[in-house]
Each structure stands twice: as structure tokens, then as C-alpha cells.
Amino acid sequence: MADDALEAFATEVGARGPVAVEGARTRWSTGGELEPGARLLRAPEGIVEHRPEEMTVRVRAGTPVDELHCELAAFGQRTALPRRGGTVGGALAVGEDDVCALGRGRVRDALLQVRYVSAEGAVVTGGGPTVKNVTGYDLCRLFVGSLGTLGLIGEVILRTNPVPPVSRWLRADGTDPFAALDVLFRPSAVLFDGRATWVHLEGHAADVEAERRTLSAVPTAGGGWTECEDGPVLPPHRWSFRPSELRQLDGAVLGAYVASVGVGTVFASHSPPPRPQAPALRALAERVKHAFDPGGRLNPGRHVALLAP
Amino acid sequence: MASRATRRARPQPAAPDPIVAALVGVLGRDRVRDDAAERSLLAHDASVFSGGAAGPVCFPTSTEEVQAVVRTAVAHGRAVVPRGAGTGLAGGAIPLGRPVVVVTTKMNRILDVDLDDRVAWVEPGVVNLDLTTYLRPLGYHFAPDPSSQQACTIGGNVANNSGGPHCLAYGVTGQHVLALDVVLPDGELVRLGGLDAEPPAYDLRGAFIGGEGTLGIATLIAVRITKNPLRVRTLLLAFDTIEDAATTVGSVIAAGIVPAAMEVMDRRITAAVESFVHAGYPLDAGAVLLVEVDGPEEGTAVDAERVVEIGRANGATTVRVAATEEERALLWKGRKTAFGAVAKIAPSYYLQDTVVPRSALPGVLQSVYEIAERHDLMVVNVFHAGDGNLHPLLLFDSREHGAIERVHAAGREIVEVSLAAGGVLSGEHGIGVEKRDYMPLQFSDVDLDHQNRLRRAFDPACRANPGKVLPSGHSCADIQALERVPAGLWG
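Just so you know, the protein sequences line up as chains A and B, in that order.
The numbering used here applies: residue 1 is where the first sequence begins, and numbers increase by one.
The numbering used here applies: residue 1 is where the second sequence begins, and numbers increase by one.
Derived from the structure by calculation, the hints contain no laboratory data.
The structure displayed is predicted, hence computed values, not measured ones.
Virtual Cβ for every residue (Gly too), placed ideally from N, Cα, C.
It is possible that some hints are incorrect.
Take a look, some chain B residues computed to stay more than 12 Å from chain A by CB distance [what the hints assert, rightly or not]:
id : residue
1  : Asp17
2  : Asp35
3  : Arg268
4  : Asp284
5  : Arg320
6  : Trp332
7  : Lys344
8  : Gly363
9  : Tyr369
10 : Glu373
Here are the simulated distance ranges between beta carbons [as the list claims (entries may be wrong)]:
id : chain 1 : residue 1 : chain 2 : residue 2 : range
11 : B       : Arg374    : A       : Glu49     : 32 to 42 Å
12 : B       : Thr324    : A       : Pro236    : 49 to 59 Å
13 : B       : Arg231    : A       : Ser269    : 35 to 45 Å
14 : B       : Gly77     : A       : Pro162    : 47 to 57 Å
Working from the sequences, and respecting the hints, build out all of it.
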């Protein structure tokens, strides 16, 4: 399906010279600093088609995530994209999950179809418009978190989900967040900053109430579980751990932190070190990069192994 | 041992396959088979397609052995086809051009379950249902549940990105795999993904899943395990027409309810299944809709009630709620054995697997019946309606002159109708050889070129399951000989 906005974007990208896409710069340094000299472009904007009955939305990459969620909320829907500002394309290129990923789903599972502009300036489609699809190779998953180094995302189709009728944040001091995760059925988030624990519950009113009662059996330092407006403020840097490793976090290394229990993401005030890749994996990743962008012109300077903003 | 070796000493092919001795050196004589019976058995999977005879068939028991087999194949310039239980329906595991076949069924150990990380480490030959049976007492399960789950392997699920009825709410295999050890087509071992929240690389784990054996062989798989639901409610709704059932499905989703599963069976398949499992399916209905909602107590009660309301508004004639776990199991047994029950109607079937937008289901179903009628074929429909995943079964007798050709023509028309309705070629069975040459109907040349770039990054020499997924113009140069699905592949 031809789309003038996409074609115009492809023309802008062209086939020569280093080029990068600028969204809202909320995670601008993720993966390292952009090499100077790269031409900065903006991806096309706008919601093309929301199909509430299919639970899908077709949206251009430059659209602000807030604008998308505002449109979807009018139909009682949402996506897995994180609520932290930024653009749809930026959120997908970075691949960061929402802090309530256990309830809202993972960004990498939300992308059904991607239309991107290749290093040669062509519009390429990966995936498909339906909620279920295993036709051919999964370029959608490859593109989530690829920092625009394989192609420049122009338009996507995302899976949407219904917004649960009730949502509550609860907070307690001096409690065991792992015990909280264990006793709850499917919390949307269990967050821990070394002292306090926040739990996010979503669902039908009676279920949320039942979960709350279940939670009251988990001992606290006193004061029990109290309702609060929102979760904690998240420090800017993202570290990635196995969920079980969160039992031994070192505040001296991380600085102030908020850990996403059951997920493994830790938002910290200190930035994480570059993470090593096994040589065989690095070689494979380099072959993939070379296959999609032989001249290295797409977002030069960005490297997927670096999480630090 | 000696007697078994003697029993296998059938007449040898005129020229012994030179790679056999090298493979025996790697695996020992017992785990390399090159007799005509074994090789011809593995020319098939569960699809209607058959390849040529397989090359030597290998049964490795470890990652190291898989590496050694692959390296041996590379040294002899031979292709490699991985194979699990052979339940695939798109011909993904059939051999083209005497490849070395690597069967993973002897790598069938569940190595570790870690509830803190909510992960199970398994070998690729572990049977899907065996893992869930193992996890059940711990309060967990493996969410993908293909109809073949009593036989299919998790390695095969990874290769096909398999689904099943419950992937409506839980997603297909790709959502449930955290990490993979993969023997690449050159024999190199690489770990894709990881247990941490954001593993440091491109999501090559995600890209590998659904690669149908063309990107390498997974030898160790870390799957996410899912907490069992607190409450499961299973409902059976009967309708006069299949269109009413399909409309109900769309209305349920439009109402913001995502059940765990929504399955539709038409009149013919319902009758066949009922005479098989005696689940009490209504025989006078035009179609039945099986809906399952799971989760906490209250939410499932509210959702089940709304599903019933929506069903009645769309013409449901009867509604039955499974009262006991036994009744629920029986209703599901009917659904999951539907393909077996088809044998009561006709000797052979060809199972299609396209996806359309849910709102297009009623119209596309009508077209499917018309297409079958035009080609003088019987069709039955039993499918994952909740995500628009059609599974029309075209029934035929392969001994009947011209039957295969009519099935092929009808299958192509079903694909075309699905794509015209905004759908895709495959929802869960994959492309294999079946839909390889249909790929240009969904993707442009440039799109296919980019898929091939991914493929070539994993397999520059095109030795991994060549001739599958991508049509020859976009695939490996050295298999141009397999330009079209070879004559005789059907049936």
C-alpha cells in the first residue's frame, strides 16, 4: 500500500551519507553518541487507522506516544509502549518496556508490522497487519531495540489491549517485594527501591480487592499497605538483570534505584557499564548489521549493546 | 546390538553415501541411520507434502554432537535439515536434495526449572505437553498449546513459532522464549537472548524463532513459564450458522474482552468429533463456539456473563457452561482431536492456515465454502476464531484422479481470498514448502530481499534447510535447482 508520507520520508533518507532520526530526544544517548555529521531527519507523524474491534492501530513513527495513548484511551485501549514521553518510533527503536510491563505487555510483543526505510532508501515491510502472523522471518522483533541501525522506522501497526476497569498503586515499607510477587496472581508491577515496595494492581474491582487482601498477608515494617496516587519516580538510567539477581542489588554501584521485580530492569541514578557480548554473538550481530546497512550510514555511533542514555 | 545392526543390513544403495562413515565417527553406528526405510520414512512430515529421500539420519544427544554433525555436513558440502516430531503441516521438515537430517528427539531432558526467574531450561526434543505436565504441580505451565502438543517438540515449536488455542490471550511461542543456544549453519555455537530484562544485542532470539530450521538448530531453550490461572470458565455456544458464531467472536473482542481462547467448529466437524469423543456437542447446530476465559474469580465471572450476552444477541441457540473439570477437559478433547476425527469423513485432508481480520471472518468463511464447492471438495472448518486464524480442512481421497490438483487450486484461492481481506499467509503453521511460492503474494521483492538478508546473515552458505520459506528468486543461489516446488511434492 503506497503512502505519500512514507514515500516522502524515503526520499528524504535517500541512499547516501550518514543519516539519523530524531524523535523527542527522551533517550537520545542510548547506545552511544551519534557521530557528528549525520543528517538529522524526523519521521512522519499521525495516526493512520485505529481499528478498536481488531485491537490494532496503524501509526506513523514520529507520532508522540502520549498522543497515541490519548486516542486509544477514548476507546478503552492502550499499547505496551512506555508512558514516558517520546515518539512511537523512538520507543520501538529503544525497546524499553513500560514500568508496568507485567500488566501491559512487552514492547517487543506489540509490534505487528513495521514499515521502514532501508539504507538504500527503499520502503520495506516486515510482519503483517493481523494480530497473529508467522509468515516469513520476524523482522518486527529484529527492529525492536535496534536503535535505528538496520532501517529507519516510518510506520507501524501495533497490538492494542483493553484498559482494565480498575487500577491501584499500593505502597509499603520494610516488606519483601519477592514475597509480594509470589503471592499475587498477575500484578502489573512490583517495584522496590531498597526500602519501600510499590505494587500495581489492575483488573475488575472485586479482583483488585481480592489481590489487595492477599497482599495484606505479606508482613510490612508497620503501617501495612497504603494506597498511593502513582508509583515511584524512576531514575534515568536502565540496567538489565535476571529477575533472581534483584535479590542482591548493590546500591553503591547503582546509586539510587528502583528495581522492577519479576522483570529484571533496574532504573538507577548511575549509568551501567557497556555489556560484553560473546564473540560468536558479536560476529553474528555484525553480519546482520552489514546485511541491512552495508555502508554503516544509519544512526552511526549507536551500538545496541549499550543501554546507557 | 549386533543383531540390531544385522537387521538393518538391508541392500545398500549402489554407491554408499560418503558422509555416512564420517557421521558414524561422530555419533557411533547406532545413532546414524542410512537404510532406505528410515530415509523414506523421513521424506514426510504431517503435511501432504513429501520430499525426496532423506540423506543419512542422525540422532545427536548433545549440543556438541549437533555441532560435530553440522561441521561434518559442512565439510562434505551437504545441507542439514533439523527435525523434531515431524508434526509440521507446511513441509518445513521434509528433505529436499538428500540433506543430512538431524533429529532432536533424543535430546529430550527438562534440565532446570527456576521459579525465581520463571524459566524452564529444556532440550529441543522435549514434548510440549510433557513440559506442562511437569510444571503443573509447581503451579505453572508452558503457554503455547498446539493441537499436536501430545507429540510436537519444543524445538519444533521454536522453529515454527507455534501457537495453539490459548495463544489468543498468551501469544505464540515467540513470546515465551527467553534464550536459545543455537548451532549456526557453520557449526558455531551462539547464545541468543538471555534471562535478563534486556539482553545486549539485536533481538536475534526473536528473529530466530519461526526460522523453520533455516537459521540454525536450537539445542537448548529457556522458556518462560506462566502461572496457572486461578479460575477457568469454559463455555460452549451453539449457533444456527457459522457466520453468527464468527460475528460473536468479533463482538466479544470489540467489547474489550480478551478470552484465553475462542474456537469455532462447523456442523460437519462437530458431528465427526462428537461421534469420536462423546462430549455432548449439539449435533443440530450450524456451528459451535468454544470460549474459555481464565484469570481471577470475579473477572472471569463478569467476562463469561458478557460473552453469553453477546452470544445470545448474535443468535446463540444454546449456551452450556462446563460445570466440572472433567466436562471442561472433554470439551477441549473434542477440539484438540478434531483433525484425527476427520479421518472418519475422508482418507486425506489438506489443512490451510491463514489469518484474516476478525471482522472479515464471516465473509471469508462464506468464500471458503464457495471455493470448496466450486472445486468439488468437501471442506470442514475448525479454527482459532479469536485471532482470526482460519483452518479450513479440504477433504479428499488422494487415489482419486485429479483430486490433488483440485485441492491445490482451492488452497491457493483460499490464500488469495484471505490476503484480499487484509490477512496473512500463515498464523502458526509456517511457510515451509507449502507457501514458499505464495510469499510474493504478501511481500514485495524488496521485502523478500530483506528477509533474505536476515537469512544470509545466519547462513551465508545456504546449508540450513534450503528450499524452505523464501521463493527461489530471493533465496540461496545454490538451490536454484529447486526452482519450483518439485513435481510430485503434493501427496
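Going through the hints against the structure:
Separation of Asp17(B) from chain A is adequate, the least Cβ-Cβ distance of about 30 Å exceeding the 12 Å criterion. The beta carbon of Asp35(B) is kept farther than 12 Å from every beta carbon of chain A, the shortest such distance being approximately 35 Å. At roughly 24 Å, the least C-beta separation between Arg268(B) and chain A is larger than 12 Å, which holds for a residue marked as non-interface. The claim that Asp284(B) lies off the interface holds: its Cβ sits roughly 30 Å from the closest Cβ of chain A, which is beyond the 12 Å cut-off.
For Arg320(B), the condition that its CB be more than 12 Å from all CB atoms of chain A holds, with the nearest at approximately 24 Å. The Cβ of Trp332(B) lies farther than 12 Å from every Cβ of chain A, with a closest approach of about 20 Å, so its non-interface assignment holds. No Cβ of chain A approaches the Cβ of Lys344(B) within 12 Å, the least distance being about 29 Å, so the stated non-interface status holds. Every beta carbon of chain A lies more than 12 Å from that of Gly363(B), the smallest distance being close to 14 Å; the non-interface claim holds.
Chain A leaves Tyr369(B) outside its interface by the beta-carbon criterion, the shortest separation being 21 Å against a cut-off of 12 Å. With a least CB separation of 26 Å from chain A, Glu373(B) remains clear of the 12 Å interface cut-off, as annotated. In this structure the hint that Arg374(B) and Glu49(A) lie 32 to 42 Å apart at CB holds, the actual value being about 33 Å. For Thr324(B) and Pro236(A), the hinted distance range of 49 to 59 Å is satisfied, since their beta carbons lie about 53 Å from each other.
For the pair Arg231(B) and Ser269(A), the beta carbons lie near 42 Å from each other, so the given range of 35 to 45 Å is met. At roughly 54 Å, the beta carbons of Gly77(B) and Pro162(A) sit within the given window of 47 to 57 Å.
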